[in-house]
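Residue numbers (the working numbering), protein chains in the order written: chain X, 1 to 140; chain U, 1001 to 1144.
To be clear, the hints were calculated from the coordinates, so they are not data collected in a lab.
The structure displayed is predicted, hence computed values, not measured ones.
You can trust all of the hints, since none of them are fake.
DSSO-like, lysine-lysine: derived pairs with alpha carbons at most 27 Å apart: (1) U/Lys1006 <-> U/Lys1118; (2) X/Lys7 <-> U/Lys1006; (3) U/Lys1118 <-> X/Lys91; (4) X/Lys7 <-> X/Lys111; (5) X/Lys111 <-> U/Lys1006; (6) U/Lys1098 <-> U/Lys1114; (7) U/Lys1006 <-> X/Lys91; (8) X/Lys7 <-> X/Lys64; (9) X/Lys67 <-> X/Lys7; (10) X/Lys67 <-> U/Lys1006; (11) X/Lys91 <-> X/Lys67; (12) X/Lys111 <-> X/Lys91; (13) X/Lys32 <-> U/Lys1118; (14) U/Lys1114 <-> U/Lys1006; (15) X/Lys32 <-> U/Lys1120; (16) X/Lys111 <-> X/Lys67; (17) X/Lys91 <-> X/Lys32.
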Amino acid sequence: MVYLTRKIEFSASHLYHNPELSAEENRRIFGKCNNPHGHGHNYTLEVTVAGEPDPVTGMVLDLKELKEILEREITQRMDHRFLNYEVAELKGQIPTCENIARVIWDLLEPKITQGRLHKVRLYETTDLFADCTRNGASRA
Amino acid sequence: MSDGVKIELGRRYRFAASHRLHSEKLSAEENSRVYGKCNNPYGHGHNYVVEISVSGPVDPATGMIANLADLDGFVEREVIEAFDHHSLNEEVAAFRAKVPTTENVCIEIYERLKHFPKAKLERVRIEETANNSFEYAGGESKIA
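Build out the structure end to end from the sequences listed, making use of the hints.
Here's what the structure looks like:
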């Protein structure tokens, strides 16, 4: 098995607020992230695909194709967007790193048909990230 | 997680500390041969980066596996306060009898953090320098 990883970046704004909690609870749980005007991050996304290299092309999958999938599914959907208001898949969820990584996993998994999606790692900052895998197979 | 997709939260912390690699079980010559420059009796230091991963259900009310304030506070109390700007050999009890290689530092930090009450500790990865990193996920090592 070979693991191939492609990295992209996107910039987006978000805020953390749960309408079912009081203003005070929201402030206590989410701190600065509860600012109603939102704030933003430069996200870095690493997508790892696992598979056997095709004997003819030597590729697990064509990187051009992966690049296009990421452009279409992720960059166009999330780059320079306000995640709470403009990404339908995040409606009703707090757009934490965990939840965004999961949405990205669900968007990409069915689109990757050569090899299989092995891992999604989303960095919100260099010091904070979330990993998504199937069955916790996080080694790559 | 019932659908088989697992989410982990990763967080990086930093501390600076000194250490000396020296084993009481080895002769002066052997120590010098095995540890080289790291055996200097005055010790030396590193800027360590500690990367930890935790897992658990994502709370639908908060979107979080664990609140970062809780995780950061726990790591600060259990590890950073005890390690940052200290001599690992002289000031961290675990390294009186164990050589503070980064392998052993990984295990010690794992042991300190595995009791985090809000999520399951998956692994500890330490960058001793930008070029050396070590990882420990608990349990006995099984060489495949």
